[in-house]
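J.: Here's the letter readout for the chains.
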Amino acid sequence: DQQVKQNSPSLSVQEGRISILNCDYTNSMFDYFLWYKKYPAEGPTFLISISSIKDKNEDGRFTVFLNKSAKHLSLHIVPSQPGDSAVYFCAAIPIFGNEKLTFGTGTRLTIIP
Amino acid sequence: KAGVTQTPRYLIKTRGQQVTLSCSPISGHRSVSWYQQTPGQGLQFLFEYFSETQRNKGNFPGRFSGRQFSNSRSEMNVSTLELGDSALYLCASSLAVAGYQETQYFGPGTRLLVL
Chain Z
1 DQQVKQNSPS
11 LSVQEGRISI
21 LNCDYTNSMF
31 DYFLWYKKYP
41 AEGPTFLISI
51 SSIKDKNEDG
61 RFTVFLNKSA
71 KHLSLHIVPS
81 QPGDSAVYFC
91 AAIPIFGNEK
101 LTFGTGTRLT
111 IIP
Chain R
1001 KAGVTQTPRY
1011 LIKTRGQQVT
1021 LSCSPISGHR
1031 SVSWYQQTPG
1041 QGLQFLFEYF
1051 SETQRNKGNF
1061 PGRFSGRQFS
1071 NSRSEMNVST
1081 LELGDSALYL
1091 CASSLAVAGY
1101 QETQYFGPGT
1111 RLLVL
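Respectively, the protein sequence lines represent chains Z and R. So the first sequence is numbered by the working numbering: it starts at 1 and just counts up by one. So the second sequence is numbered by the working numbering: it starts at 1001 and just counts up by one.
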């Protein structure tokens, strides 16, 4: 049972445009969400996170939006750059500070120069 | 501050053997979690250690075990290796302040190939 889902396995975006990566979750006990970026043969790198008490968090070119009622979050990258080409994972942590991360299956983002 | 380090980076074993992987967390981080990444299953949680105790465990067989030392370094052991254990094993650390959700920081991983 996939509790965190990324329904788009891949996404191609023109350089300079906006990249939007989506993530849905089913477990209502999740209340802290993170996005990680992963290059081949490397560990995931933390990008940005959001707590369920917020609906938006921004850090430079990266913005994460959370819609709790829809159990949906999205990552916006503006403007997209060639170095953004990687696999992006969303992950969730349940309430009570449990350290276990539940990951989505990932979306491969390709930025076209 | 140095990041999470994992050794070895690459490993080749044969079926039936056992393997031990090592992880050194970021200095000051007390929680270490292990994940397995495979093409078919994605990133899956193995277990988490905090203060030398296993605090959480994923749905993996007992062949997968781990431990944490007093300096927060952690080891993961897989006994009686199977072909399906071929994967990238990732270690992540966090400060683990009680009751506060925190970001985990990942090491580069150990790529294990079982022949």
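There may be inaccurate statements among the hints.
What the hints assert, rightly or not - The calculated DSSO-like cross-link candidates involving lysine-lysine, where the alpha carbons are at most 30 Å apart (straight line), are:
| no. | chain 1 | residue 1 | chain 2 | residue 2 |
| --- | --- | --- | --- | --- |
| 1 | Z | Lys71 | R | Lys1057 |
| 2 | R | Lys1013 | Z | Lys100 |
| 3 | Z | Lys100 | Z | Lys5 |
Bear in mind the hints are in silico, worked out from the structure with no lab data behind them.
J.: Indicate, hint by hint, whether the structure satisfies it.
T.: Structure-based check of all given hints:
1. About 25 Å separates the Cα atoms of Z:Lys71 and R:Lys1057, which keeps this hinted pair within 30 Å; it holds.
2. At roughly 28 Å between alpha-carbon atoms, R:Lys1013 and Z:Lys100 fall within 30 Å of each other, so this suggested pair holds.
3. With a CA separation close to 16 Å, the supplied pair Z:Lys100 and Z:Lys5 stays within the 30 Å bound.
The structure shown violates none of the earlier numbered hints.
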